[in-house]
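Same order as they appear, the protein sequences are chains A and B.
Using this note's numbering, the first residue of the first sequence is number 1, and each one after it goes up by one.
Using this note's numbering, the first residue of the second sequence is number 508, and each one after it goes up by one.
Be aware that a few hints might be false.
[As the list claims (entries may be wrong)] Have a look at the derived ranges for each label pair, beta carbon to beta carbon:
# : chain 1 : residue 1 : chain 2 : residue 2 : range
1 : B       : 564       : A       : 498       : 44 to 50 Å
2 : A       : 296       : B       : 681       : 57 to 63 Å
3 : B       : 703       : A       : 111       : 38 to 44 Å
4 : A       : 313       : B       : 633       : 27 to 33 Å
5 : A       : 38        : B       : 583       : 58 to 64 Å
6 : B       : 633       : A       : 270       : 41 to 47 Å
7 : A       : 20        : B       : 705       : 39 to 45 Å
8 : B       : 633       : A       : 20        : 38 to 44 Å
9 : B       : 594       : A       : 316       : 23 to 29 Å
Hints listed in this document are in silico derivations from the structure and should not be mistaken for laboratory results.
From the three backbone atoms N, C-alpha and C, an ideal C-beta is built for every residue, glycine too.
Chain by chain, the residues run as shown.
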Amino acid sequence: MSSAADLTWFARHEIRLAWREWLEMMTGGRRRHKRAVIGLVVFAAILHLPAYAVVGRFANLTLPLDKSALIVLSSTIFLAWALMLSQAVESVTRVFYARADLDLIMSSPVRLTNIFSVRIAAIALQVTGMALLFATPFIDVLVIGGGPRWLAAFGVVIAIGLSAAAVATALTVALFRLIGPRRTRLVAQVLAAIIGAGFVIALQIAAILSYGTLSRFAVLTSDTVASFAPDTSSLLWWPARATLGDGAPLLLLLAFSLVLLGIVVTIFSPRFADTIISISANPAMASRKAKVQTFQRGSRQQALRWKEFVLLRRDPWLLSQSLMQLLYLAPPALMLWRSFSDGSAGLMLITPVIVMAAGQLAGGLAWLTISGEDAADLVATAPLSPSQVIRAKIEVVLLSIALVVAPFVIALAFASMLQAVVTALGVITATISAAAIQLWFRVQAKRSQFRRRQTSSRVATFAEAFCSIGWAATSALALAMPIAAIITGAMTLMVLATTWKISPRRE
Amino acid sequence: MTPVSPALGVRGLTKRFDRPAVDALDLTVRAGEFYALLGPNGAGKTTTLRMVAGLLRPDAGAVSIFGIDALADPIAAKQIMAWVSDEPMIYDKLTPLEYLEFVAGLWGIDPQHSERSAQDLLVSLGLEPHLHERCEGFSKGMRQKVALAGALVHDPSLIILDEPLTGLDALSARHVKGLLQERVRAGSTVIMTTHILEVAERMADRIGVIAKGRLVAEGTLAELRQRNGRGDTSLEDVFIALVDTEAAAA
Chain A
1 MSSAADLTWF ARHEIRLAWR EWLEMMTGGR RRHKRAVIGL VVFAAILHLP
51 AYAVVGRFAN LTLPLDKSAL IVLSSTIFLA WALMLSQAVE SVTRVFYARA
101 DLDLIMSSPV RLTNIFSVRI AAIALQVTGM ALLFATPFID VLVIGGGPRW
151 LAAFGVVIAI GLSAAAVATA LTVALFRLIG PRRTRLVAQV LAAIIGAGFV
201 IALQIAAILS YGTLSRFAVL TSDTVASFAP DTSSLLWWPA RATLGDGAPL
251 LLLLAFSLVL LGIVVTIFSP RFADTIISIS ANPAMASRKA KVQTFQRGSR
301 QQALRWKEFV LLRRDPWLLS QSLMQLLYLA PPALMLWRSF SDGSAGLMLI
351 TPVIVMAAGQ LAGGLAWLTI SGEDAADLVA TAPLSPSQVI RAKIEVVLLS
401 IALVVAPFVI ALAFASMLQA VVTALGVITA TISAAAIQLW FRVQAKRSQF
451 RRRQTSSRVA TFAEAFCSIG WAATSALALA MPIAAIITGA MTLMVLATTW
501 KISPRRE
Chain B
508 MTPVSPALGV RGLTKRFDRP AVDALDLTVR AGEFYALLGP NGAGKTTTLR
558 MVAGLLRPDA GAVSIFGIDA LADPIAAKQI MAWVSDEPMI YDKLTPLEYL
608 EFVAGLWGID PQHSERSAQD LLVSLGLEPH LHERCEGFSK GMRQKVALAG
658 ALVHDPSLII LDEPLTGLDA LSARHVKGLL QERVRAGSTV IMTTHILEVA
708 ERMADRIGVI AKGRLVAEGT LAELRQRNGR GDTSLEDVFI ALVDTEAAAA
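Pulled out of the complex, with its shape left as it was, chain A reads as follows (with noise of 0.2 Å):
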């Protein structure tokens, strides 16, 4: 096969392979194509209605933007950056460690340097075409709103999804010379996390910091940030300017991402090769040894929270994959210290972040016990109750959340004790409700799946984010207007009594 022949039928074959990927993603691996697909349009159409609230009230804006519109508009733009090149970070990632046709590859007679040129390619449409689904509903009502100029934002996120591919392969490739495969997956993956939720964070702490609010406009907006930023002719506000239908800057953004790319895609894809056959050579946790310790004396169920818990501590990617939520803690805790000098009113705002975090984090070490099962036959055969079995597993969440949270309830008891109680009811109401979805839609799994916990019932996803809300929402009601939390409370628990009654029956 020529080259070129090589390149297409490997395009091609990478193509099926994206494609059949993301429907089982959108359908949880069930063959109701038709019925996934019609629900994604409606999906999509109900989103408008969100994005209508939110970039509505910017269709009608023109250029020449003064600095602090062009601010926002950048940020914005850099964290749809952000997000992507978390996500191909990610893909990256996965070529490397979990792609199960390498071996097939790399023993083929085909140029290894033509295969990874595609799939580095495959991995920035993957990434881009992602980023045009979520960003459409967006464009949609700026268009509707403001006319076809605003088509142009199109533009902007292939050139960004085309651009934050091409970082995120140079970023994985050198993290994989720096630190060698053994960490790169869970550094990498890590640094993907915090790539995504980070720049909204450090917003957040800057926010802060000098306002004492977690609004992340009021750095954006403030003075001291247009002092520093560059002059409005800058080529810093190109994004921005293209993303309104300014041409020449549009052009200019679409050609370099296209370069960095192909300069990308060049460099690297010789190395690609190099790098698998490093991972391996390197089965890297072949000879990790533990402590010896002598057999322990305890109950059944205890035998079972113990090995959830060392299941736990012993695997850092998982681990690190649940405890980024507690990323968002961070500039709630800052708050927290900040405010015990001057006793701020925004105090508040911090139990419906910490119950909503609780949930949240509920949600994947429930999954994690309850579904992640690797050894599902030995516990199914074991001489326990089901009942049994899942109670010590749902002690584990509920003492893993203790242990996460316990912190900031206690640090807030100085502050305010009817708020450390309600946080505390809150979080306990939350854990329950999330243990309880995971559940209700409970479905046998392998724990390396958890990244795609989410596709396996998109009702269980949604009712575990709604419920979090719901709480986080009647705790800070609770404390601010208690008459109103008794509804949101109701809403919620109509939520999860509506989630039980359509989960799955069982045996």
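Following the hints, put chain B in place on chain A, whose structure we already have.
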């Protein structure tokens, strides 16, 4: 004199998926016996054993383990039974010893006894150099041996194994076979499915052949040969003749 309960008694066991997987199956395995369950792919062997182990709920029928009704009192039945599947299910982040400690804890075995027993089992399966290494780097054969050790650490009276020799090298397979024979000599009952007919021929006291969810033949090797009408044929010939007859009858 009270009659000794069979190790396994199955009556009218039925399970349907898209089609009947197990069809009103009757099966009795005597205590202290090494019983091999043979059958072509999709015959219903694994489904039968998963129902016996409590991993699947039958649509109809009864299962008793040493006289205990396994459907009415699954916990008592599980206490004296072990299950090993062809796909070893162990925890990557635990060492073999820790895995066995966990299993012993689940079965409520005295830690002093189980620790000694775990060490002995792992050593006899050739895993001594890896006792304190996490299982994540183990080959399939090593993982299968850890899973088998886990099944034996609580001294079960009935050991059910679904294709336990899959993926094992010759030496490992010999270790496993030796260990199972030792258990039968010590009074345990072993029920094993296998596609390696030579293993069934050499190890089993009795052999059952299952096809389309029904037991189509059962007996010692000599009895099966006799049934086939030729005393000098191999189990392979007997098996193929039985399965062919069933297919023709269908």
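Okay, the hints, checked on the actual structure:
1. A C-beta distance of roughly 28 Å is found between residue 564 of chain B and residue 498 of chain A, which places it outside the suggested range of 44 to 50 Å.
2. Between residue 296 of chain A and residue 681 of chain B the Cβ separation comes to about 34 Å, which falls outside the hinted range of 57 to 63 Å.
3. Between residue 703 of chain B and residue 111 of chain A the C-beta distance comes to about 43 Å, which sits within the given range of 38 to 44 Å.
4. Checked against the given bound of 27 to 33 Å, the beta carbons of residue 313 of chain A and residue 633 of chain B, roughly 29 Å apart, stay inside it.
5. The given range of 58 to 64 Å is broken by residue 38 of chain A and residue 583 of chain B, whose C-beta atoms sit roughly 50 Å from each other.
6. Judged by the Cβ atoms, the range 41 to 47 Å given for residue 633 of chain B and residue 270 of chain A holds: they are separated by roughly 42 Å.
7. Our hint of 39 to 45 Å for residue 20 of chain A and residue 705 of chain B holds, since their Cβ atoms are close to 41 Å apart.
8. A hinted range of 38 to 44 Å for the beta carbons of residue 633 of chain B and residue 20 of chain A is consistent with their spacing of about 42 Å.
9. Checked against the hint of 23 to 29 Å, the C-beta distance between residue 594 of chain B and residue 316 of chain A comes to roughly 26 Å, which is consistent with it.
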